[in-house]
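Engineer: Here are the chains, one letter per residue:
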Amino acid sequence: MGRRARPAEGSCGVKIRLHHPRRDLEISGRRRVSGILTELGLDHEAFLVIRGDALLTSDSEVGDLDEIEIRPVISGGTTDEAPCAA
Amino acid sequence: MRRHRAAYCAPHFLEFFEAQVHRAITTQRMFRPGERILVAVSGGKDSLALWEILLRRGDDATGLHVDLGIDDYSQESRERTEEFARARGARLIVVELRAEYGMDIGTLAEGSGRAPCSACGLSKRYLFNKLARDGDFTAVATGHNLDDEAAVLLGNLLHWNMDQLARQAPVLEQTHPHLVRRVKPLYRTSERESAAYALLRGIDYVIEECPHSRGARSLLHKDVLNRLEAASAGTKQAFYWGFLDRLAPVLRAGGPPPVLRPCGQCDQPTTEEVCAFCRMTARAAARQSARASSLP
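Note that the protein sequences, when read in sequence, are chains A and B. The opening position of the first sequence corresponds to residue 1 in this note's numbering, with each subsequent residue numbered one higher. The opening position of the second sequence corresponds to residue 1 in this note's numbering, with each subsequent residue numbered one higher.
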């Protein structure tokens, strides 16, 4: 269980920023993006993983000292099916 | 992109996404070059991505942002939208719900007894049409994407909302002289693709969710569909596009669209004597004044 994510405290693992609510985590060891999402229990369809300005694919690898953002893509959204203006 | 069995580098993904939107506009005959389009812009990834593409295509696309008065969320949404417009020299109309109607969306929902998402949807539909009519726009474009439409379809099927199923389409035609055509150029592309497009184009959009959307039924439907998509890539596309190809024509042939008439108070098209928006604002205003008069 040494790879379990924990709150970031200034050590040198992979730093991860999450949203909803905004928070930071850190995990140690090199691994694939898909593995990180699975480990965090996140739906692969519902998030983008970003490093700097670059969008990472699911088979990209990240390691110690990397800082990544896991950004949700799902919006609530109101519907638009009424026949009239109001 | 599992549903397309394809992997693109950034430049080719941008090309792919823009081509999908262009294809949606042309194959569905959403609008022609030169038409005046009003783009409903919330400050989120979908609407800003849509506006970006229309501007890049050279369309005459003016933004419309409705400030719902939801504290920090609305302030951030408005700032991102205004910054986007400023950076591109694009025309933007901003309407403040509180300034126009004396109530923010929370007060309007509470006072009318509607759920916030319902009050928000009704207010936006009303204002989009009103502003489009006032400004002589020929179409209102919204950022509804494949995920939004698939989630709405699932909800409509689960409850057999036949009237709403018959009307669900990428183009809601003008069925009354006062009703402006509504179009959804992102119906072919997923929510994830919109977010990727916005990121790769450097669009600074609002990431945080509307605080009122927590627990919304649409999010549950999206979650279910995403689980199906994870198990079988292409499910959402097959579900919604299949509906458009096979069931929607049958439902539309089942009867004429509802008869619309001008609202007795505001002149907007409605199926009732007084439109739902006028009824909602009147009810909320009455409750607000009853509360004020009961204060010591």
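In short, the hints are calculated from the structure, not lab data. The C-beta atom is built at its ideal place from N, Cα and C for all residues, glycine as well. It cannot be assumed that every hint is accurate.
Take a look, some chain A residues computed to stay more than 12 Å from chain B by CB distance [to be verified]:
1) Lys15
2) Arg22
3) Leu25
4) Gly29
5) Arg30
6) Gly35
7) Glu39
8) Leu40
9) Asp43
10) Asp59
11) Glu61
12) Gly63
13) Leu65
14) Asp66
15) Glu67
16) Ser75
With the C-beta cut set under 7 Å, the calculated list includes, among others, these residues of chain B facing chain A [unchecked claim]:
17) Gly44
18) Ala195
19) Leu199
20) Lys222
Engineer: Hint compliance check: list the failing hint numbers for this structure, sorted ascending.
Structural biologist: 2, 9, 10 and 16
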